[in-house]
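Hints are included, so try docking the two chains, each in its own frame, into the full complex.
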Amino acid sequence: MFKFILSKITLLIPTFLGITLAAFLFVRLLPGDPVTILSGERGISDERRAEMIAQFGLDKPVLVQYLNYLKNLVQGDFGQSISTHRPVVEEFFERLPATMELAFFAILIAVLVGVPAGIIAAVKRGRWPDHVLMGSALTGYSMPIFWWGLLLIMLFSTTLGWTPVSGRLDIINYYFEPVTGFMTVDAWLSGQEGAVTSALHHLILPSVVLSTIPMAVIARQTRSAMLEVLGEDYIRTAYAKGLPTWRVIGIHALRNAMIIVVTVIGLEVGTLLAGAVLTESIFSWPGVGKWMIDAISHRDYPAVQGGLLFISMLVMLVNLIVDLMYGWINPRVRDGK
Amino acid sequence: MSLLSVRNLSVAFPTQNGWFQAVEGIHLAVNAGDILAIVGESGSGKSVAMMAVMNLLPPTARITCDELKIDGQDLLAMPAKQRRKLNGGTIAMIFQEPMSSLNPCFTVGYQIDEAIRIHLGGSKKERLERALHLLEIVGIPDPQRRYKAYPHQMSGGMSQRAMIAMALAANPKLLIADEPTTALDVTVQAQILELLLKLQQTQGMGLILITHDMGVVAETAQQVVVQYAGQQVEKQPVFGLFNHPHHPYTAALLDALPERAPAGDFLPTIQGIVPGQKDRPTGCLFSPRCTHAQVLCHEQQPALVRQPEQWLRCHYPLNPVEVAQ
Numbered sequence: 011m012f013k014f015i016l017s018k019i020t021l022l023i024p025t026f027l028g029i030t031l032a033a034f035l036f037v038r039l040l041p042g043d044p045v046t047i048l049s050g051e052r053g054i055s056d057e058r059r060a061e062m063i064a065q066f067g068l069d070k071p072v073l074v075q076y077l078n079y080l081k082n083l084v085q086g087d088f089g090q091s092i093s094t095h096r097p098v099v100e101e102f103f104e105r106l107p108a109t110m111e112l113a114f115f116a117i118l119i120a121v122l123v124g125v126p127a128g129i130i131a132a133v134k135r136g137r138w139p140d141h142v143l144m145g146s147a148l149t150g151y152s153m154p155i156f157w158w159g160l161l162l163i164m165l166f167s168t169t170l171g172w173t174p175v176s177g178r179l180d181i182i183n184y185y186f187e188p189v190t191g192f193m194t195v196d197a198w199l200s201g202q203e204g205a206v207t208s209a210l211h212h213l214i215l216p217s218v219v220l221s222t223i224p225m226a227v228i229a230r231q232t233r234s235a236m237l238e239v240l241g242e243d244y245i246r247t248a249y250a251k252g253l254p255t256w257r258v259i260g261i262h263a264l265r266n267a268m269i270i271v272v273t274v275i276g277l278e279v280g281t282l283l284a285g286a287v288l289t290e291s292i293f294s295w296p297g298v299g300k301w302m303i304d305a306i307s308h309r310d311y312p313a314v315q316g317g318l319l320f321i322s323m324l325v326m327l328v329n330l331i332v333d334l335m336y337g338w339i340n341p342r343v344r345d346g347k
Numbered sequence: 591m592s593l594l595s596v597r598n599l600s601v602a603f604p605t606q607n608g609w610f611q612a613v614e615g616i617h618l619a620v621n622a623g624d625i626l627a628i629v630g631e632s633g634s635g636k637s638v639a640m641m642a643v644m645n646l647l648p649p650t651a652r653i654t655c656d657e658l659k660i661d662g663q664d665l666l667a668m669p670a671k672q673r674r675k676l677n678g679g680t681i682a683m684i685f686q687e688p689m690s691s692l693n694p695c696f697t698v699g700y701q702i703d704e705a706i707r708i709h710l711g712g713s714k715k716e717r718l719e720r721a722l723h724l725l726e727i728v729g730i731p732d733p734q735r736r737y738k739a740y741p742h743q744m745s746g747g748m749s750q751r752a753m754i755a756m757a758l759a760a761n762p763k764l765l766i767a768d769e770p771t772t773a774l775d776v777t778v779q780a781q782i783l784e785l786l787l788k789l790q791q792t793q794g795m796g797l798i799l800i801t802h803d804m805g806v807v808a809e810t811a812q813q814v815v816v817q818y819a820g821q822q823v824e825k826q827p828v829f830g831l832f833n834h835p836h837h838p839y840t841a842a843l844l845d846a847l848p849e850r851a852p853a854g855d856f857l858p859t860i861q862g863i864v865p866g867q868k869d870r871p872t873g874c875l876f877s878p879r880c881t882h883a884q885v886l887c888h889e890q891q892p893a894l895v896r897q898p899e900q901w902l903r904c905h906y907p908l909n910p911v912e913v914a915q
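Taken in sequence, the protein lines are chains A and B.
So that you can map any letter, position 227 of the first sequence is 237 in the working numbering, and since no number is skipped, the others follow by simple counting.
So that you can map any letter, position 118 of the second sequence is 708 in the working numbering, and since no number is skipped, the others follow by simple counting.
Pulled out of the complex, with its shape left as it was, chain B reads as follows (with noise of 0.2 Å):
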């Protein structure tokens, strides 16, 4: 059984001219001890996804789900607050912003401290000798010091690792981590991307990486769900993907990359933008930036076709296999 399953999941927000659907009937299977990155443009709804897991949405998003377990509960039959006891325990989420995720007016020792208390409990000495494990573990020099520190105080790799020792504060066996390195320095997200990945070995957690940065997955996952316009269009094992890309978004995304272009020439990008609201197409919704689109792509939109090892969402697969039909 996974440590956490997700069935059809969509979700929808109001605006101005009727629903925006974010996410539109995604599925998502982890196992304790896994690694699943979700790759896609800003705006593919990697995101929304992961915060409707976590409950995290405004009250006004209308979310949709056939099944949502986490280690077994089932998520949909509980109340709100009990809910929010398993955020933060079994649960836990990085976030994008490191700086601006801390709130500037309590100590990074007190908010991780806030974390230990509510789901661990136990006295101020033992919850102090935990915070200061933990932030010797992410690897904070002079934890003592830091403990005590205002997080305008630190860098931004440093807050970083604040935040993953406070989501590791009660050992959870999910970890989500929303792109947790976009907005750090170059040399500094290697770092973190190291720490993350030895943390889950050590804490045998499963770990939900959402990324852009096809070269992350490249060294880290061992399932890929790529992610396009709120749908997924295809899931492989990481190395399947990398080699034989079924459909044409994930071939384009992966010919983006430097390291694979051809040298000496410009690098090949993907034309358009990912569609809104207003313009999404009735066919495939890659369609109007698809190189290999036929009439048939135009028309009609196909189908999440999920098979045990991959899933695609295309009419017409690349680097065909015999298991497409």
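Here chain A stands alone, though its shape is the one from the complex (with noise of 0.2 Å):
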């Protein structure tokens, strides 16, 4: 097992290498730079330019800011954020629990709703409710995640007023520090009546955006897989051994369907970082996609790099845990080594 781990991890270092080099040059492939960005409207006089150029190193060749970049990596310095002077790990920790948060619901929602979508649309293949979950379902992967956002924000923020526009919390009622950064431990660490519930009321609306496409993804997907095992020889048997229906297919054909499911959902978490960035600019929630867009629109260069290296790393380490959840879930995987 360990060994195992071991190897996983060694072929993570060419894909992060490779990912340090993306996120350099295309941060650098944008127009426009961090020190015209940071003198403004009016202008600055050509020697503070330059002064200001030679001060973020940006006057060497960009094969010599790399190389530095990468020596200040392996020495665990992710570099100061241009436009905060604060340090990039220091600004992206701050921000990622709101992010996690966020992603967490949004994957147990698309989860919930999605696997028994599949399932049903699987088992009831080519009448209504399959036609309906799975119309549905494309509907959903095809959507523009900030227009979806945005009509969602209109239906029940705005006419209904059911669920606050934006923010994490009705900080007008409560106050109380950051322990976690997570809102909803710290609400209910601070024992203050009413909080959970605030910051669950403010946590539904960006979930429920950011699962759309996942939950799609994850139907469709739990569909396919369904149908296929449900074809398999095993299934008969436990038919012909008098099984109940739902047995048959919530534990006999779901098992070996989930197989399949989990590297989807693995892969999904990926995918639900890059809507973050959109989700959390829609709905100002203070995570590191709204933090990274910021950097962008500032050109603060070692905040993107940074952030792109760190949202990198914890997408590997999810495949990393779903690589490992093989074992436990496909028997057959577990002898293979």
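Note that these hints are calculated values from the structure, not bench results.
Keep in mind that the hints are not guaranteed to be accurate.
Taking lysine-lysine pairs in the DSS-like style, the calculated list, with each CA pair at most 25 Å apart, reads [said to hold, decoys possible]:
| id | chain 1 | residue 1 | chain 2 | residue 2 |
| --- | --- | --- | --- | --- |
| 1 | A | Lys134 | B | Lys671 |
| 2 | B | Lys738 | A | Lys134 |
| 3 | B | Lys714 | B | Lys675 |
| 4 | B | Lys714 | B | Lys738 |
| 5 | A | Lys81 | A | Lys70 |
| 6 | B | Lys738 | B | Lys715 |
Label pairs and their in silico Cβ distance ranges [stated by the list, open to error]:
| id | chain 1 | residue 1 | chain 2 | residue 2 | range |
| --- | --- | --- | --- | --- | --- |
| 7 | A | Trp138 | B | Leu886 | 48 to 54 Å |
| 8 | B | Thr605 | A | Gly28 | 28 to 34 Å |
| 9 | A | Leu148 | B | Asn607 | 29 to 35 Å |
| 10 | B | Gln891 | A | Trp138 | 37 to 43 Å |
These numbers were taken from a predicted model, which means no experiment stands behind them.
Positions of the beta carbon are idealized from the N, C-alpha and C atoms, including for glycine.
Put into structure tokens, the structure is as follows:
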């Protein structure tokens, strides 16, 4: 087992290097530079400008800049944000809990709705529940997430007034110091009455928006995995044994279908973090997504690079966990090594 | 009264070009403790007919039947849910591919335990004892260890033994074995067959053995039904069938047995293939391949004539006996 994990981690090193290079080059391909943006509309003198460029090390050749960046990375230094002058690590991990909280609830909703929807569609294949569910899934998958978010805000926040438009908590009525950074947990720890409800109330709409695409993908993949499994010989055996239908579908078929579905869920976590960038902007959610957008508009090179690196590491970590889960779900993999 | 009685069972599947008649008006009667063999080529509707009895066919299949009774219970009058409960309890089935017939995600023990729990119930300890006992009587060495094994850790023969143990979980009165040895090594085939016969005797079960191996039939069955393209063409007690086959198809099958063929010559074969949906002849379904076919055979389909000891669907039977008219 340890060897297995080690071999997986060794594979991550080249991936990681590739990501540093991509992140480094992509931000520099954007038109404009941090100094122009920092100097504002009135501009600054050429001497001051050259001085600032040298200060950020942007006067050196790109290759030298990259090697310097790598050298610092190896020493655990992810650099300082150009716009706030604070370490990138600090800024990122301050905001990470907000994103993780949002992502956690989103994936929870996506799985709790997507998996049963996929099962029902597979069992009712070709009949109206299948068409309704898969039609909705296709719609959800095709919808631009920012537009969908705005539609929901218009309906539930503006017209019906059921949910708040933005933010993580009703700050007029509640205040507490962050402990974990997870608003729901902190609210619960604060012991203030109604705080948890308020946090959940703020969380619901962004989570639903963020969950839409993964939910659609999970539903479609669960359906196709179930359809494949339902045609297997062992399903016929289960019926021949006299098991009730719910047991055949919910236990014998689902357990096998989960092997595929878990992979999809793992992959969707990556999509989720990408989707979080848009969702957080729409709902003014103070997470890493919104922070990244701000960093990009400031051409804050170290922040964008650092953010991309951390997010990729998270995705890689999730995929590692998925790999490890295979062994638990699929007995054939367990003996494979 | 027979344990299983089936009268005029037909099964059709929808295809793009209309209905495909997989099974056409078959009859079966099996008494407790009897062994009935159903033989025929692939595509003759042997398995489909038995799956219809077990209600295992997809809902799109069109099944019609005049009578379907097991152990005195009328299956046609029964709601699907109640019928399902008879599966594994009164009537059990084992399949051709033991390796893929076991669920790869659960241990063999879990899958046997499931069958015991649903039909017999009992405490965890009682069920474990029963499962270990079952594994032992099907000849699986070290049952304690095999109970915890996953299907991929077992050989084909072991898997089929586990399938048999599972089928026997609730002491069924009738066991349907659908080509139980086809996917196994030749040496293992004999062992599994021997085991099935032994268990059939000790448990006093009825056994329906679906096979395309005439050798297996000769060694095991009492009654033999020969099926061709979804129709039953002949039924006889095993001795009569092997010595005086009446249907040319039966005779051709027997001639193709290596041990019956004249030494030093090519093994006789039956030319052509079983007719599919589109090339079904108007006359006797076997007529295009039949060496004895005459004009009438190509024009008119013979009816199945049923007499107590033998059934026959042929205009010009071989080895004519006094009962043929």
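Hints numbered earlier in the text: which of these fail when held up against the supplied structure?
The structure conflicts with hints 2 and 8, although it agrees with all the remaining ones.
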